[in-house]
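Participant: Below, each chain spelled out in residue letters.
2 protein chains.
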Amino acid sequence: MATEQDSAAEGDADTYDEFEQRVERITNVGNAAGILQWDQEVMMPEGGTPARAKQLSTLSSISHELLTDEETGELLEELEGSETTESSRNTSGEAASSDLAEDQQAVVREVRRRYDRSMKVPEELVAEISETTSNAHPTWVEAKEEDDFSIFAPTLEKLVELKREYADHIDPDADPYAVLFADYEPYIDIETAERILERLREELVPLIEAIDESDAELETDAFSGEFDDETQEELARDVLDTLGYDWNRGRLDTAPHPFSSGTQFDARVTTRFDESDLLGSITSTIHEFGHANYTIGLPDEGYGTPLGEARDLTVHESQSRLWENHIGRSQPFWERFLPAVQERFPALEDVTPRDAYEAANQVYDDNLIRVEADELTYHLHIVIRFEVERDLIRGDLAVEDVPEVWNDKYEEYLGVRPDTDAEGCLQDIHWSHGSFGYFPTYSLGSVLAAQLYAAAEADLGDIDEHTREGEFDDLNGWLREQIHVHGKRYTTPDLIERATGEEYTADHFLEYAKNKYGELYDLEEY
Amino acid sequence: MATEQDSAAEGDADTYDEFEQRVERITNVGNAAGILQWDQEVMMPEGGTPARAKQLSTLSSISHELLTDEETGELLEELEGSETTESSRNTSGEAASSDLAEDQQAVVREVRRRYDRSMKVPEELVAEISETTSNAHPTWVEAKEEDDFSIFAPTLEKLVELKREYADHIDPDADPYAVLFADYEPYIDIETAERILERLREELVPLIEAIDESDAELETDAFSGEFDDETQEELARDVLDTLGYDWNRGRLDTAPHPFSSGTQFDARVTTRFDESDLLGSITSTIHEFGHANYTIGLPDEGYGTPLGEARDLTVHESQSRLWENHIGRSQPFWERFLPAVQERFPALEDVTPRDAYEAANQVYDDNLIRVEADELTYHLHIVIRFEVERDLIRGDLAVEDVPEVWNDKYEEYLGVRPDTDAEGCLQDIHWSHGSFGYFPTYSLGSVLAAQLYAAAEADLGDIDEHTREGEFDDLNGWLREQIHVHGKRYTTPDLIERATGEEYTADHFLEYAKNKYGELYDLEEY
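As they're listed, the protein sequences go chains A and B.
Residue numbers for the first sequence follow this note's numbering, beginning at 823 and rising by one.
Residue numbers for the second sequence follow this note's numbering, beginning at 823 and rising by one.
These aren't lab readings, by the way, just hints derived from the structure by calculation.
Just to be clear, a hint being listed does not mean it is correct.
Intra- or inter-copy, both count: the list cannot distinguish identical chains.
Said to hold, decoys possible - Here are the simulated EDC-like pairs of lysine to aspartate or glutamate, each with C-alpha atoms no more than 16 angstroms apart in a straight line:
| id | residue 1 | residue 2 |
| --- | --- | --- |
| 1 | Lys942 | Asp891 |
| 2 | Lys1336 | Glu1346 |
| 3 | Lys1338 | Glu840 |
| 4 | Lys876 | Glu1123 |
Next up, chain A with everything else stripped away, as it sits in the complex (with noise of 0.2 angstroms):
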């Protein structure tokens, strides 16, 4: 006979049954949706935008209305329950009831989240910025093409204006930029985010300075030379094949801005080729097999709901690029890689190991473009364009004055002062898209990286040893077991203290940046 005890636990079930179920419906409306917009952008003829953007919006209207829907809040509401131990509250501190699970916990925890912020922007302002930022991208293109930021700029205006707003709603008493800032990254606060990027920029500045002055020479030629786009496919597909992309799980396309997306049983990467850059289409696709990896790793079980799904943008960067930069520009990899290269195209065959990392790992300092720099002044693109909107956002800063700060920063931080809006302020695309407080995520995600390869490092010894052999199931493996299979289960303060044993710091990164461009640069004080 069931006990009183019982029946309870078991409606709790049932309850949480209904919530899973509406949970996984929106889930899979959503991953709908991702499959049309990676088919828009890398299958779909142009024509077929108009019908496109129909169903996009349809799929993001339903969506909304299932999360936002009052039998949502009010499953959350049960769930959450009235009688919460004090043991029983998880990290962020709501209330979770106690006769959940902790990874049911974790679920309505989430889930929470998603809907107090979208319970809390009206409709209609979602429609507007919706509605702005789809006039805003032909208007940043033009703008772009003109060299002229003044066509930009009321548009921009309008953007933070908007986006203010849409803080104001989430939380009036809270920063503005903080608030957008936790709509990528909810888990890290930005005093962190902020004490994170004012030491890259305190410390890489001065490195980045020896760098210049250092009399080194490195073999920056190696990969220089004509090649076909063919052939650079086949290579992508070499690399691929080296780190062990499950091909069972995914593909390889082109798209003009390389991107992967899908989810644990399908996640794709796309790259680009150009001719003269064959070391880009390298990193790029080697950048992006780090995301769909971790994609792929999330638990099949967990298919569905937030335990299914990545944590936010500051792990999934600290996967790409711990691929990208920790493997893919190291010693080790192109001791195990360059054959592979040489053989793909053999006008290479008088490149060393050496040269190639050398070439993998130039810094350089008079460049302007974020897309095209290295692992070191990458970041100062960053913390520019992190400190401009920032400001923005909080009110410190005019949008006319926009350009004239932005251009004192470079000179200020990398000794170099772009001549046009087009190559300054307006090169990269996501203010267009309303997208503040997306690249502290870029640097947040770098500087993870290295703290999870030191900690892997600890864990497996010599990693260098393994890369070089082209065995990359320890790793892969430990990723899997530390950061992979939890999904959104622990937040990300937790999910980095548990996989590294300590709280998330730039140390490692720094450390890791000293030694390899000290010895690279040949720099006495590194």
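Chain A is fixed; fit chain B onto it per the hints.
Facilitator: Chain B only, in chain A's frame:
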């Protein structure tokens, strides 16, 4: 100042707008599912199956819920109104409000039909059919591989039972096969379909016998040889270019079972390549072009409602067959296109247009397989499955007797008897999908193709001359104007009568078949 009548009309306009938005939403969900299905057939890595099944099931249930929502029913009733004049009753006999424009009445008519059919069938039955067909597919595959009908028989029994039940819910007083047929072809009554198919049988059986007895020796080896896939693909692109495929709204890929799908903004073609069957890939590509070209011709402004959707399977198949047979298997086409083939495959330099024409029209009276059949015997394959499935659904034939009846009919109509079930009643996948009533539309479409081609020729003059010049704009323009732009505005019989000036008839197809094959096989009596 608005009069009372004006306000009433405005009210109607508001109601119609609300209704249209609802319909567009359902359409967008369906079209999103269409992209996911295309992706699954053409792009998806195999591992993606479990997640894709869930995504499609979610979209399907959302679509069902939106359609069968109480509000859909209320809007339909409101729009159909109470004050209906005799003249505003539309062809299907449904009431339509006299305040609605003809186009709007057509949308109401089509949605009413779908709504009623969806409402009448209990969700549990839909789910049971869906589950049974999911499991039926591997069973059918196994039965075919093992060449043993008894493996599939219990599943077929169950499917027949479920589909009879389904038909009974929709209309307990009607012939259940007629109800199922109407799922694929709602506006041609089953008596018309039977009459057409019987006439095909009666007149094609003696024609095929005469061909069998003919001494004419056709150039059947014109395209023998090995043809690599890459060059075949280039040639498939050539043929699409020649026919005028709109690449801005389409693309070509390969799939194991060629199909085309999409919307007027994005209608894609798939084909397949067999190294030993060049002709097969060309005709299959032309066939799918016909389907995609119809889809692209649907009106842009109708996107989202039935006005922008194809008029069911008979008309769709008429478009593919018209291009495949009346153009692609004509001698003028080969006069035009053979040089392109020879440029891609120089080994074929000695083939003449007449050789190609004969090879493309060889009649195989000993072939047992529908998908390998020629233009004439094809219809006997259809007639046989039609007769068998009709008798199964009507309860006039027991499942266990299917193989024997099947084989008897092959002997009677085609003079060949299958040795195995695999080459007999197990050859096609459709029954495992629960698709009873689908098959007839293949032949009905071919018959309509001939009727449309004759009408186009009456309007445009000698189409052969245009084909010889590679000029397809006139023919395509005629099809656009007479068929494509109407979407589902008219019922099928109305559409046919408007386009051709006469009722749906097999006369033109039989005349075409007798003339063409009488000449090819030197038949005195034809």
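Participant: All hints, please: hold or fail.
Facilitator: Consistency of the hints with the structure:
no. : hint               : in the structure
1   : Lys942 to Asp891   : within (13 angstroms within a copy, 28 angstroms between copies)
2   : Lys1336 to Glu1346 : within (11 angstroms within a copy, 93 angstroms between copies)
3   : Lys1338 to Glu840  : neither (53 angstroms within a copy, 64 angstroms between copies)
4   : Lys876 to Glu1123  : between (32 angstroms within a copy, 13 angstroms between copies)
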